[in-house]
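Visitor: Spelled out from the first residue to the last, the chains are:
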Amino acid sequence: MLQYWRVYLLLLVAMGFGGVRLYGLWSNAGYMPEQPLPFSHVLHANVLKIDCLYCHGTAERAAHASVPSTNTCMGCHSVVKRESPHIQKLTKAYESGEPIEWVRIHRLPDHSHFSHQWHVAAGIACQECHGPVEEMEKVYQVQKLEMKACMDCHRQDTYVAGVHHPPTFQGGFAENLTSGEVDSLRGKDPEAWRAIEGGTLEYALPGEGADPSEVAVNLLYQRDQYYHGRGYQLRNKNASVECTICHH
Amino acid sequence: MTQPSHHDHHRPSRPAEGAPVYWSTLEQYFDTPAYRERAGEEFFPDAKPERYFEAEDGNAGNGSGMSRRGFLKLSGFAAVMAALQGCERPVQKIIPYVNAPEEITPGVQMYYATTCMECPAACGAISTNRDGRPIKVEGNAAHPMSRGGMCARGQATFQNLYNPDRVTQPYEFSDTASNWLPVEWDAAISRAASQLAALGGKKVVLLSPTLHGPSHRRLLADLKRAFPTFEHVQFDPLQSGADARAAESLFGVRALPRYKFDKARTVVLFGGDPIGQGASRVEYQHDLAMRRKPGPEMSRLYAFEPVPTMTGTYSDYRFRVAPQHLLTVAAAVARAAAPGSPVASAVPALSLEDAEREAGIPAGTLAKMVERLKADAGDSIVYCNAANNAGPEGETLAALCLALNHALGNVGKTIDLAATPSNQALGSHRALAGLVGEINSGAVGALFLLDVNPVYQLPETSGIAEAIPMVPLTVSLSRYRDESVFYTKLQLPGRHWLESWGDAEPQAGLYSILQPMIDMPWQCRQWEDTLMQLATAAGSDVFKREIPHAITATDEEKAKPPAVRAATYHEYVKESWADLHKRYDVEASFDSFWESVLRNGFFDQAYKRRDDFASAQPAFKADGLRAMSPAAFEAKPSDLNLVLYASNVHGDGDSMLMPFLLELPDAHTKVAWDNYIGLSKSKADALALETGDWAEVSANGGSVQGPVWIWPGLDDRTVAVMLGWGRRIAAGVGPGYGIDATPLVKAESNGWSYRGAAAKVEKREEDTSARNPEKGVRLGAVNLSISNRIAGKYPFANVQGHNYLEGRPIFFETTLHQLDTPDFEHHIYNHHSSNAFQNMWGKEHKYAGHHWGMTIDYNACSSCGACVVACQAENNIPVVGKGDVIKGREMHWIRIDRYYRGDVDNPDHAFQAMLCQHCGTAPCETVCPVIATLHNDEGLNTMIYNRCVGTRYCSNNCPYKVRRFNFLLYQDWDTPSLKLQRNPDVTVRSRGVMEKCTYCVQRINHARVSAKLEDRQIRDGEVLTACQSTCPTDAIVFGNLNDPESRVSKLKAGNRNYSLLAELNTRPRTTYLAIVRNPNTTLEPAGTARTEGEG
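So the protein sequences, as listed, match chains A and B.
For the first sequence, the working numbering assigns the number 1 to the initial residue and increments by one for each residue that follows.
For the second sequence, the working numbering assigns the number 1 to the initial residue and increments by one for each residue that follows.
Hints should not be assumed to be uniformly reliable.
List time: in silico DSSO-like cross-link candidates among lysine-lysine, alpha-carbon distance up to 27 Å [said to hold, decoys possible]:
1. A/Lys148 x B/Lys93
2. B/Lys93 x A/Lys138
3. A/Lys81 x A/Lys49
4. B/Lys93 x A/Lys92
5. B/Lys544 x B/Lys224
6. A/Lys148 x B/Lys544
7. B/Lys93 x A/Lys89
8. A/Lys144 x B/Lys93
9. A/Lys89 x A/Lys49
Covered stretches of chain B (chain A as the covering partner; in silico rule of three or more C-beta atoms under 8 Å from a C-beta of chain A) [unchecked claim]:
10. 98-109
11. 928-942
Partial selection, computed: residues in chain B whose CB lies under 8 Å from chain A [claimed, not checked]:
12. Gln92
13. Lys93
14. Ile95
15. Lys203
Keep in mind that the hints were calculated from the coordinates and are not lab data.
Even glycine gets a Cβ: it sits at the ideal position worked out from N, Cα and C.
One chain only, chain A, in its complex shape (with noise of 0.2 Å):
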């Protein structure tokens, strides 16, 4: 095994930077990509105020919000601004019949579902999630699309107006786990429960020797750590989520 130690070393050290590089290609905070035309939000959606579903108007029907199809930009354009190279670059995709390929900017992380409909239909801003798009002359991403981002939101009361889940989330680690992990927990570790329960328990990376009743607790802890950067509790069970919302 000792022989070894460097080539160990070695291992690590590479797969460290590529998970932290990982990382990083998941969020994706900030992307901007050039886009096949140069579409201006801020002429369209800030000077002419141009509603967002009027070209996203899947958004509020369906879980995707599309991006428009090239007859609703010919909507206008075959009458508007005919004289730019752009619109007659666009004008000549449309009547050959060829799609404009547009880069796809936000994109879920896998595993995951989201559905546009809902949250329009709750009132939402798409600003809420997307930023000023009114303000981009070219669209960038402004949000890291990850659960974090899902549970800031869930996690206020503002946002949990399910029927059967009145907006009343207060209280640390115990009261935000489920029923099902509070089983889990305990069914794994009656002691830790207790401590929890007690609130005589601090949340510590567990060491040498560690009492293995803290480990259960901590793992669940660092496990948020890990995943979620600020140590979000798993889940808030006031909200109006669960896991299989958005995760099956």
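Following the hints, put chain B in place on chain A, whose structure we already have.
Guide: Positioned in the frame of chain A, the structure of chain B alone reads:
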């Protein structure tokens, strides 16, 4: 399991120790060491991936603790990680429509009505389309025939539609290159058309299975106008036409009887299997189940059969008889049940006692049965399904049963011959036999093969393989390169029914429409279009239509005569429906009629006659009974008799292209990926054969070799082989699986007979080099190596031996007479009354909103397997292949367990659909170290794939064994056409992840969205799980337990409800309704009935 455990007292006792109880395999029955070894194991030794980490280079002892292979793996991973530092996130494109179709919203499901054409039964179907591609079909609940049910075959249809092995453009066999070369459609059509034009009076023949749509009828008539020598030959390999011929000789109408099992209180089956092999299986399944609801109207079923069939094992009484004795028993029953009737005097003088003695039926049984039959005259059905048995025996049995039905007054009450007869199997073996003769005499100039594969389906002795090449123009319209295509010269590939226009008329007066859901980017045309274009190119005007001028046409253009071309089949179907519109004098305009037909999927003009058809029946002609062959009654069983049977899943072999169906275990033997030579235990002992031994069956001058399967419930004098296997050429998956039984088929003067010949079985040495080669199979199945041989035997992928419940009480049954007695409840572990167990967590879950639950009714379930395939299609469940099934790695989220009860040779059957029970206090949740499986507030036991790290602890701790682990990457992530098949609402799992039934949580979420947007609660019945939705018998009910008015709550409140392994206090949300059998009280004293549930 060598240590004694707390549940040892539940272990099944061996026969010597007392009354036999539920058992699942012969190993368990005889308590062999192999059983004992396996019973305690969660995962098979082969399935455990740990073995991969053991050193494979023999250097395990080098002290490093790490094998070379392990090191390479690790360093590979590190290299990938390091390489990631240099890469960006892959750029994805969004490509919107140029002109967005108005009705499509990306990501929103659309539902269209159409008609399933997987078989000529033509059930109503609803296709779920997503972004322009169909992803799921369900039964059309409004369809008056199939009523929402869909069979396993229909559910697997996407593997036909998106099959990457489909032929995607025309091919022509080039003699010079002696190979198939691609050819352009136009060239192929014009060349074939010029040959057709120059036939010089020779016949043009279309060979197809049953076609019954109004447009098909019109098309065939029009083809006859286009080619005066045109002839249509209908051939359904498994439907000999004997039933229709019996109707013709006895009633003067050539029609397939339509059976109304929902009207029959007593059903007697003489080798018949309406729900497994009948012409309209989904309909029969539904109807039979409707009369199996416990109560005064509950039906009683008697089955006499050599091989366990789906209906037979669903019956109250099942008697094993040799194939020849079916006629003996039927004759005796006819004499006793209808004395003085024409049929009684036309059969040999046989008393019931003689028949009982001869056929080996317990004395006194038949007399009691006949009593019932007489009492229920006009309220019963005698069913024989002679369909797959041409020859004197089949014809005689068909005539006898129909005449007996008439004598009992059933024709007109439970059987309809004339009002709205069935059209679902009009084919006839005779016609095909005639065709071979005509080809040999040189009378046929052109032959079109449509969806038939006679070269495989018929024995070599039929001469069809020699005949086809003698025809000057041979065209295959098949979608695949099958065996028969290689005997033709031109392949003009057809389309799948989800890509086609069309219609069907499964019952006279019930018109059902097909509309295309997708246009695959392939050069395929539906065969109707091909033939119309051919006829037009050959100079016929029949199909020519003028193209009207466009609205935008200029006056100058309008002045010109309109262009003329062959009609498309879409236009043609519309014309046919315009005829229907006129014929039935529909009030609405044609356009609104057409719209409504497309919306509903059917146009029902049979509704008046469907249930009330007494007056319409033709008169009985007693001389028709002369069609019965006296010699057939004389036939005596030999020592061993052949029965070739078909299953509802595999039929005549088309299933070999659909891996879902190959991996679906057989309903009775629970063997997947194979057929076998079936023998009863006694017979196998006498022949010194064991399961897995290699043997040769010979009969009718032919012989085939294959592995032996010892099959409890099989008649002792019968050797059974399933048809449809051993394809020589089936694209992709099929070839090499199973044995081809067609050499054993007997040629009769009027067709082919699959039953009754004397057979011989001898042990042989297997040539193991000829075993299924290891191959990478598309459609999601990889790693098909089956090198692990078990003690020199042929390896079977038998899933019933994979998990043993070790004698825990899991299956309960009772009889109708004892249903209300307290004694019955005593045996039920009721969800509501078993609180003797302490909750180890001290706190109860609260389900404030919805609380989902399910019931499964054993009385309805006929073990057809539709739910298994529906679940696979809905939830993107992969196929793992035979090798991995053997290792216990099958992925089915729902399975149907089969248990035997009683004697090893003649057991009762019990079926149990098994899926995640969604326990209230789930053992799996507690042991997950990463909380990947957890309880949610609606009672679901959820599975979060991205949390799962693959410890498999949950599966270990699951008492129901319903969790499935992706040991390998089973999904095919690369083949483009397969990506279209997947349900975008369900994560496509990779390897290393545990998965299981989710109660179709994506469907719950769909309902939740619409309910929330409309600000209301989810309605009862709004969420249908995939298994529930497809179930032809309505055995599965799902809903909200918090709503006392929901269907599922009411069912759970009934006294048949029990939860599985309630004593473990898992509090399952899925509960079962105990089976209620309906024995004859005069036959069995009530006290001896089967109430004991202890397994």
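Visitor: Now, for every hint given, state plainly whether the structure supports it.
Guide: Status of each hint after checking the structure:
1. A hinted pair counts as satisfied when its Cα atoms are at most 27 Å apart, and A/Lys148 with B/Lys93 qualifies at roughly 26 Å.
2. With a C-alpha separation of about 16 Å, the suggested pairing of B/Lys93 with A/Lys138 holds against the 27 Å cut-off.
3. Proximity of A/Lys81 to A/Lys49 is assessed by CA-CA distance (about 17 Å); at most 27 Å being required, the pair is judged to hold.
4. The hinted pair formed by B/Lys93 and A/Lys92 meets the criterion: a straight-line CA distance of about 20 Å does not exceed 27 Å.
5. A hinted pair counts as satisfied when its Cα atoms are at most 27 Å apart, and B/Lys544 with B/Lys224 qualifies at roughly 15 Å.
6. The hinted pair formed by A/Lys148 and B/Lys544 fails the criterion: a straight-line CA distance of about 65 Å is larger than 27 Å.
7. Distance check on the hinted pair: B/Lys93 and A/Lys89 sit about 19 Å apart at the alpha-carbon level, within 27 Å; holds.
8. Distance check on the hinted pair: A/Lys144 and B/Lys93 sit about 19 Å apart at the alpha-carbon level, within 27 Å; holds.
9. Restraint check for A/Lys89 and A/Lys49: the C-alpha separation of about 24 Å stays at or below 27 Å, so the hint holds.
10. For the segment 98-109 of chain B, the proposed coverage by chain A is satisfied: 7 residues have a C-beta within less than 8 Å of a C-beta in that chain, meeting the threshold of three.
11. Using a Cβ-Cβ cut-off of 8 Å, 11 residues of the segment 928-942 of chain B lie near chain A, which meets the minimum of three, so the contact claim holds.
12. Taken as an interface hint, B/Gln92 checks out: its beta carbon lies about 4 Å from the nearest beta carbon of chain A, inside 8 Å.
13. Given the 8 Å rule on beta carbons, the hint for B/Lys93 holds: about 5 Å separates it from the nearest Cβ of chain A.
14. The closest approach between the C-beta of B/Ile95 and any C-beta of chain A is roughly 5 Å, which is under the 8 Å cut-off, so the hint is satisfied.
15. With a least beta-carbon distance of about 47 Å to chain A, the hint placing B/Lys203 at the interface is violated under the 8 Å criterion.
The structure shown violates the earlier hints numbered 6 and 15.
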